[in-house]
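Q: Here is how the chains run, residue by residue.
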Amino acid sequence: MRGNAEAHEMVAPGSLAAVLKLLADAPGEWTPIAGGTELMVAHAAGRLAPQKLVSLWGIPELRFIKTGTESISIGAGATFRDLRARADIAAELPLLAKAAGWIGSIANQSRATVGGNLVNGSPAADSSPALLAYDAEIELISTRGSRRISYSSFHTGYKRNVLAPDELLFAVHMPLRFARHRKYLRKVGTRRAMAISKVAMAATALVEDGVIGEIRVAAASLAAFPARLCQVESALLGQPIDARTMEIARRALLAEVKPIDDIRSTAEYRKRVAANLLEEFLNELRAEAPAK
Amino acid sequence: MSTSDTTRIVGAPVHRKEGVDKLLGRARYVDDMEREGMRHGTTVRSTIPRGFIRSIAFDRRIDWTEFTVVTAADIPGKNHIQLIFADQPCLADGAVNHCDEAIVLLAHPDKHKLREAAAAVKIEYEPLPAIFTIEESEQQGVIVRGTDNLIKSFLLEKGDVDSAWANAAHIVGGEYRTGAQEHLYIENNGMIAEWSAAEGVTVWGSLQCPFYVHKSLLAVFDLPEDKVRVIQTETGGAFGGKEDFPSILAAHAGLLAMKSGRPIKMVYDRMEDLAATTKRHPSRIRHRTALDKDGKLLAMDIDVATDGGAYSTLSSTVLSRATLHSPGPYVCPNVRVRSHSWATNTVPYGAFRGFGAPQAIFAVERHMDEVAAEIGMDPIELRRRNFLHGGDTTATEQVMREPVILERLLDRALGESDYYARRSRFARDNPSSAVKRGMGIAAFYHGSGFTGSGERYLNSLAGVDVTLEGKVRVLVSSTEFGQGTNTILAQIAAEAIGVDYDDVVMAPADTGIVPNSGPTVASRTSMVVGRLIERAGAQLVAMLREQDGLGEHFTREEFFAACERHRAAQGEVRSLCRYEAPANIFWDDRKYRGEAYPAYAWSIHVAQVAVDTVTYSAEVENFWAVQEVGRVLNPVLAGGQIEGGVAQGIGYALYEKVVLQNGHMANNQMTNYIMPTAEDVPPIHVFFEEIPFQHGAYGAKGIGELPHDGPAPAILNAIRDATGVGFCAIPLLPEDLFAKLAAPETVAEGAAL
Amino acid sequence: MSNCGSSIRFTINGRQCVVQTPPMKRLLDVLREDLHLTGTKEGCGEGECGSCSVRMNGELVNSCLVPVLQAEGATIQTVEGLAVDGRLHPLQQAFLHRGGAQCGICTPGMLMAGAQLLSINPHPTMGEIREGLAGNLCRCTGFMRIFESVMAAAAQDYAPSTARAADAR
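Listed in order, the protein sequences are those of chains H, S and P. For any residue, its number in this note's numbering is found by taking its place in the first sequence, counting from 1, and adding 2. For any residue, its number in this note's numbering is found by taking its place in the second sequence, counting from 1, and adding 3. Going by this note's numbering, the residue at position 73 of the third sequence is 65; the numbering climbs one at a time, nothing skipped.
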């Protein structure tokens, strides 16, 4: 244990309002900590820079899952175990339910939160591809009020996002309009459990008469942050699902993604596997609804 | 000698002797212990792989009067860790030869102040050129050891290899490489040390060989034998990783204890343990093989090279075992093995389950499949035609006097795994599937116990006594670290004497209490030490019959009563036995000829592997291990040893990679040194054939290391079967499979598909 | 900056405790150092090995990743709380019969994960057992006998294992 517990102050105001006031009174001074599955690892490695931490754990206003008629809202404090326990998430947002099972282990899922996963902003974040494929919106909150942005605008660089110093990620909202969409989600890691993504891909597509009417393709570990593959989407939108379209989409992906070599894997491997995942997805579409 | 029908306790699945304490969370590992007035210790380590230490400065922002500081200058005796040679310094003195080499030791009551202080020790180096691979070392462009970088070499010759090529119908060559492997015991290395002028040095810690540590401390502290005491604490996994390294940590903790006058606790965290302690020797092994037109081996010309790291430690004995296992379980009239262990500027490599055999067996068993493919023969048939049988001679001219049942094991393995049917099914299904499946096998032996006359040299002493509490107490320095030492030795003692399993306890592995029964290594504990306990038990009963009126048949109550009569007359009740070498073991260490090992365990592994051509990942879906290890002393423990060894072997083959950057382990965390989880291990099916070995306890031979020898070649042979591509290096990661399996990306203009 | 303390109140193995501790001290260290419950182990400090697993408020957590302040008011079970009045828990009995523990260092965490699994899924399939234990690394057993032990505990099968070596799984 290389961290020094005595070198850190931690408070748990216990309510959202109290946390927001703290952040507003001293912007940038207090670092929120939810389940700790990221920050406590840094603490043990002696690399926890923030001296002052404000605990979000157990704040009821943050830990919710609400299903409406048009959308599902997930509080930033919801854990991945919370997601996996809900029948409505499994039914309405199956990609997210599946991704929730990717997080670490059962012990990590009971502590890791959706908010933490997004704000930590690892390029390999497990929930991000599914959220992007479901057109998620993020709600940010402060004493000044709340604002909603598309999740795809949240990350701005490697571990950088648009949160203001007094802002907290409050909730993720997803529209309930994917019931008829074809779906795909696959993660490639170093092993079947407890693995950081080398590549992960999520996709939702509306296919009518063998033609792609809507398409969202999102990936982790192919860029500085999880992102939609816009050129791939352009290559697919409005196209019939045939061999020619697949080849064009594959080439678009290979040109678009810029993965890196790191301790886990290589750029070349990531590129090729990403292309293979896309091909696997498109083959599934083709098998289910061949072009006329 | 007893058979399974006539033993009550040996052969039965009795409960683990220390099992209840482990399950209750009551077992005390070294980090669970405290001492009054204890200080924590830490190590300041080299940040460069090779160079001179120009200065060591202590930053003035720290109040150093609060700290105990130890450098090489504080060592009262010799600044070396005595193993086989004495070339490894206890603390670097003026120069370093690998990253993470220990230079300065610090102690303080507060762990955090200790950490700050460690960061405040400023070491200036004059770096020297460093080398990190076998190739760089053998090229001798940079000399880092002696005059030629060589740690050790062997030459094993049988017949005349050079004359065989001319008559060969087939000549097949290959090169095979294995990477470093980390033990990844879940309990990190740790020691507690105390020192006093009156008692000398006492250490408690996680270790395999109390008397190895004892011997090393004698040299470092320049103390007589009765002033050094080593006590093993409950040890959370070892696998060879706590065979030699604990001597270093014990010396460090002892030096801090000596200088501070306080008890010292030093427990590594995972990052330090991964970076700074021993690992399995990387290897490069080349085969060139001549066969006749029927696929019978005519000659094997083998070149074995290992990377020993910066100091010799156990590299010579690892090389020896690699040499002796490199020809495989085959008959071949002409064999030459040239082996070398080379020095590099990396953390010294050490003992790890298998000890050179996994490397050697990976090479020969992969090579057999390459040979089979080259000559157009079924790899099973190729092996059958060349298997050793009873009466054959090995590459060292050892006659196989004990039965060799490789064919029977092979037939059993093929039957249990439904090998041919699966293989056919996969051959049929693979072309239309993104997941390609294959079956692969490995056939191998593992020499039980020390090579040649090693046991004679160890001259082990072990036995039993009877305590005042009315328990038979086993007296051995053999340690428990999960493999079942406590249980099987207690079973043997109970059986040999004729009391109940619960009547037997183990004496603590404390050099102040137990005799030296040798190190807990080399798969020798059941066979050799167990036999000493078997003899000592029988000797005790004979003595009581002769001297204290114990009858021909007796109850356990009568036994203990006779013991008390003996105690009244003699003061103690004790029976020790010394190792007696079997009459016909002759080993010539210079010519590398003779009985290399007193006994061999034999095994066939079968792997079913799936290769996903979308992700280039290989996974083991099913695994069968069939083995003959003499008598199985405890089926639950024995099965557990095989399963655990197979799982480690799977890690060795497909998951575990040590990534070095400038000689420092860059992936020194559990998040990026990858071992298989509960979701990754396949079902492992274990089958024993038993042929009792007359010189082993109740017929037992060694078992602990055998199961780690087979998985890697079996798995890569299965991948060859699945994909048609032969891979010759491990760890074989998806990125490596991708490099050879994926067709190059083609971007054709306006391609019509 | 020095921070000696918050007063943290929780229930451990049925007993109420109060500790005075810096809020960012790891729950693992509070258990081991302040409460002298050394059954819970540290294997990695990163939440990868699971040897620090305990049950907190009905969930399995890696105690090396829990700042003790967040355990305020919690109900916690460690391995020391499994056996009741000296009687081994069914999981402990099963591990003993079937060789689920070798070196024992992963065993407390494994037992916690097994207990957690059986509390929400009393009759798990082999696949569910594998998933339930995937966060607990064991280097000794190859997991086979741990899976068998959990299956046996679920089936309340306490018979001593008399399987002959040849029939070993």
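What the hints contain is simulated information worked out from the structure, not anything from laboratory work. Please read all numbers here as calculations on a predicted model, not as lab measurements. Accuracy of the hints is not assured; some may be wrong.
Unchecked claim - Below, computed lysine to aspartate or glutamate pairings styled on DMTMM-like, alpha-carbon distance capped at 25 Å: (1) H:Lys100 - P:Glu120; (2) H:Lys68 - H:Asp90; (3) S:Lys116 - S:Asp272; (4) H:Lys260 - S:Asp272; (5) H:Lys273 - S:Glu738; (6) H:Lys54 - P:Glu64.
Q: Are the hints correct? Go through all of them and say.
A: Hints, one by one, checked against the model:
no.	hint	verdict
1	H:Lys100 - P:Glu120	15 Å, holds
2	H:Lys68 - H:Asp90	9 Å, holds
3	S:Lys116 - S:Asp272	16 Å, holds
4	H:Lys260 - S:Asp272	36 Å, violated
5	H:Lys273 - S:Glu738	11 Å, holds
6	H:Lys54 - P:Glu64	18 Å, holds
The earlier numbered hint that this structure contradicts is number 4, and it is the only one.
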